[in-house]
Amino acid sequence: MAYSEKVIDHYNNPRNMGSFKKEEDGVGTGIVGAPECGDVMKLQIKVENDTIVDAKFKTFGCGSAIASSSLATEWLKGKTVEEAGKIKNTEIVQELNLPPVKIHCSVLAEDAIKSALNDYKKKAEESPKVESAASSS
Amino acid sequence: MKLPIYLDNHSTTPCDPRVVEAMLPYFTEKFGNSASRNHSFGWESEEGVDKARKQIAQLIHADPKEIVFTSGATESDNLSLKGVVEMYREKGDHIITSSTEHRAVIDTAKALEKKGVKVTYLDVGKDGMVNPEDVRNAITDKTILISIMLANNEIGTINPIAEIGKIAKENGIIFHCDATQGVGKIPVDVQELGVDLMAFSSHKIYGPKGIGALYVRRKGPRVRLEPMIHGGGHERGMRSGTLPVPLVVGFGKACELCEQEMASEAERLIKLRDRLEEGITKELEEVYLNGHRTERLPGNLNLSFAYVEGEALLMGVKEIALSSGSACTSATLEPSYVLRALGVGSDLAHSSIRFGLGRFNTAEEVEYTIDRMVKAVNHLRAMSPLYEMAKEGVDLKTVQWAAH
Ligand SMILES: Cc1ncc(COP(=O)(O)O)c(C=O)c1O
Ligand code: FES
Numbered sequence: 045m046a047y048s049e050k051v052i053d054h055y056n057n058p059r060n061m062g063s064f065k066k067e068e069d070g071v072g073t074g075i076v077g078a079p080e081c082g083d084v085m086k087l088q089i090k091v092e093n094d095t096i097v098d099a100k101f102k103t104f105g106c107g108s109a110i111a112s113s114s115l116a117t118e119w120l121k122g123k124t125v126e127e128a129g130k131i132k133n134t135e136i137v138q139e140l141n142l143p144p145v146k147i148h149c150s151v152l153a154e155d156a157i158k159s160a161l162n163d164y165k166k167k168a169e170e171s172p173k174v175e176s177a178a179s180s181s
Numbered sequence: 057m058k059l060p061i062y063l064d065n066h067s068t069t070p071c072d073p074r075v076v077e078a079m080l081p082y083f084t085e086k087f088g089n090s091a092s093r094n095h096s097f098g099w100e101s102e103e104g105v106d107k108a109r110k111q112i113a114q115l116i117h118a119d120p121k122e123i124v125f126t127s128g129a130t131e132s133d134n135l136s137l138k139g140v141v142e143m144y145r146e147k148g149d150h151i152i153t154s155s156t157e158h159r160a161v162i163d164t165a166k167a168l169e170k171k172g173v174k175v176t177y178l179d180v181g182k183d184g185m186v187n188p189e190d191v192r193n194a195i196t197d198k199t200i201l202i203s204i205m206l207a208n209n210e211i212g213t214i215n216p217i218a219e220i221g222k223i224a225k226e227n228g229i230i231f232h233c234d235a236t237q238g239v240g241k242i243p244v245d246v247q248e249l250g251v252d253l254m255a256f257s258s259h260k261i262y263g264p265k266g267i268g269a270l271y272v273r274r275k276g277p278r279v280r281l282e283p284m285i286h287g288g289g290h291e292r293g294m295r296s297g298t299l300p301v302p303l304v305v306g307f308g309k310a311c312e313l314c315e316q317e318m319a320s321e322a323e324r325l326i327k328l329r330d331r332l333e334e335g336i337t338k339e340l341e342e343v344y345l346n347g348h349r350t351e352r353l354p355g356n357l358n359l360s361f362a363y364v365e366g367e368a369l370l371m372g373v374k375e376i377a378l379s380s381g382s383a384c385t386s387a388t389l390e391p392s393y394v395l396r397a398l399g400v401g402s403d404l405a406h407s408s409i410r411f412g413l414g415r416f417n418t419a420e421e422v423e424y425t426i427d428r429m430v431k432a433v434n435h436l437r438a439m440s441p442l443y444e445m446a447k448e449g450v451d452l453k454t455v456q457w458a459a460h
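Chains as they are written, first to last, in the working numbering: chain X, 45 to 181; chain C, 57 to 460.
Keep in mind that the hints were calculated from the coordinates and are not lab data.
None of these values were measured; they are calculated from a predicted model.
Quick reminder that beta carbons are idealized off the backbone N, C-alpha and C, glycines included.
It cannot be assumed that every hint is accurate.
Said to hold, decoys possible - Not close to chain C: a few residues of chain X, all C-beta gaps over 12 Å, as computed:
1. G70
2. E80
3. V97
4. S108
5. G122
6. V125
7. E135
8. H148
9. K165
10. E170
11. S171
Said to hold, decoys possible - In silico DSBU-like links for lysine-lysine, alpha-carbon gap of 35 Å or less:
12. C:K338 <-> C:K275
13. C:K338 <-> C:K121
14. X:K90 <-> X:K166
15. C:K447 <-> X:K121
16. X:K50 <-> C:K447
17. X:K90 <-> C:K121
Work out the full structure: start from the sequences and follow the hints.
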């Protein structure tokens, strides 16, 4: 299959590839997919004052899955938690010119965003003080 | 060295220039219908066909009269299975085959199942081999056909065909063998193997596409087939239609070349293949060989690269033509059924790459491939959450995945 220029670029030069420590304050982690399905996406956000200041990904999957998650990290940075929740897989499909058989790769990226946001929210609810303590240190 | 590099020789092979040269006159001056009995144009073409039939028969130690030309191995497999079932239906309605056969056999068997035929799909061992005793145990008094492939197209594993042939003979059952990947690359002798029907194809052995053959035994036993294509009664009535003489001639020449060069070529390919494996595994950990280590086609190397997905890996080595057992590369989004049949986990099936070395590959290309593969795998492992988890000591099998 022929890949779009943008997919190839993300593949060769992944943006924000890497990991945060899961326990770190303000970090939300989403892991979706399964090795048996041939795709696993880990997406992490770092939130300060309700804004995503940094994002990282690691992906096991095809080039389109890698590009979708790499693109997602770019889009997440600078967005508020609420804005981030509105990112749609169809926007990823459009930006990367994904063919129909690769739409599920973008769905996975949307799921990973949602999962990371939920994880962040859950952590913030469980220990709301820790975050403010950390941001003042 | 020229790019791109072709390392997908199980899929198809380029025509050898010597084959093309042999074919050329049969497109223009020698264009006669080989079935025309009344003029020199026909005789000339018939001569070309006769010679090719001899060359082909010689490669597999058969009689030229036992070669039936078809459009390729897919048609040969179809003709064998359907032709036997129709001809011998009164004797029984049971077929034995294996779960790693090419789809030309599996899907034909499935189509026959819809018509009431019972099919046993034998499991294979971890090395991809059919156990002859499993064949024996699957035989019933209704079994009319056993169909087991010589060498597998993904993992290159070579089945113990001669042993299965003996069992078939002891039980008086017709034995078909899909030898598409083996003929021309390893010695094949239809007497030694004890096969009654055998399918193979020209484009896998540096001949033209669009032609193949079915070996049909004439003595001990004489195998009869109900034809699928009716018409002028060509090919002993088993496959009507004017022969594509240029293709037949090319197929014959391709067989002759394979026979002449087989021993030295096999040795050369095994060296290249082993160097490819050694070069890759020296630089990378957790690379696993799929299939049998020794009972394997000379040019075959099927490896799983843990923690990276096959299609992504192919994308990283775009200038090398390879294939993967990953779901992402298949239309069905299912990983290779062959690897699954060996008990290779889905995760490693998604991570598999098939290298198919052939006549025109060089040592330089192999070195280039090693270097590119190592770089691409490292690039992807750095990006892989699975690799990271494994490095942290997480047992991936115990993780609760959010499967979708
Ligand atoms: C084992 C096996 N059988 C059958 C076939 C089909 O051959 P053909 O392309 O000549 O129809 C192939 C080729 O893909 C094969 O590898
Ligand atoms: S991860 Fe399988 S198609 Fe994208």
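Going through the hints against the structure:
For X:G70, the shortest C-beta to C-beta distance to chain C comes to about 20 Å, beyond the 12 Å cut-off, and the non-interface label holds. Against the 12 Å criterion, X:E80 falls within the reach of chain C, whose nearest CB is about 4 Å from its own CB. Here X:V97 stays apart from chain C, with its beta-carbon at least about 22 Å from theirs, past the 12 Å limit. For X:S108, the shortest C-beta to C-beta distance to chain C comes to about 8 Å, within the 12 Å cut-off, and the non-interface label is violated.
Every C-beta of chain C lies more than 12 Å from that of X:G122, the closest at about 23 Å, which supports listing it as non-interface. Taking the minimum C-beta to C-beta distance to chain C, about 21 Å, the non-interface status of X:V125 holds against the 12 Å cut. No Cβ of chain C approaches the Cβ of X:E135 within 12 Å, the least distance being about 20 Å, so the stated non-interface status holds. Remark: the non-interface label on X:H148 conflicts with the geometry, its nearest Cβ contact in chain C lying 8 Å away (cut-off 12 Å).
With a cut of 12 Å on Cβ distances, X:K165 stays outside the contact zone with chain C, its closest approach being about 17 Å. Distance to chain C confirms X:E170 as a non-interface residue, since its nearest Cβ pair spans about 20 Å, more than 12 Å. With a cut of 12 Å on Cβ distances, X:S171 stays outside the contact zone with chain C, its closest approach being about 23 Å. For the proposed pair C:K338 and C:K275, the alpha carbon gap of about 52 Å is over 35 Å, so the pair is violated.
Between C:K338 and C:K121 the CA atoms are separated by roughly 51 Å; this puts the pair beyond 35 Å, and the hint is violated. In summary, the hint linking X:K90 to X:K166 is supported, as the alpha carbons are separated by about 14 Å, within the 35 Å threshold. Of the supplied pair hints, the one linking C:K447 and X:K121 holds, its CA atoms being roughly 28 Å apart against a limit of 35 Å. With a C-alpha separation of about 30 Å, the suggested pairing of X:K50 with C:K447 holds against the 35 Å cut-off.
Under the criterion of a C-alpha separation no larger than 35 Å, the hint pairing X:K90 with C:K121 is inconsistent with the structure, at around 75 Å.
Consistency note: the structure conflicts with the earlier hints numbered 2, 4, 8, 12, 13 and 17.
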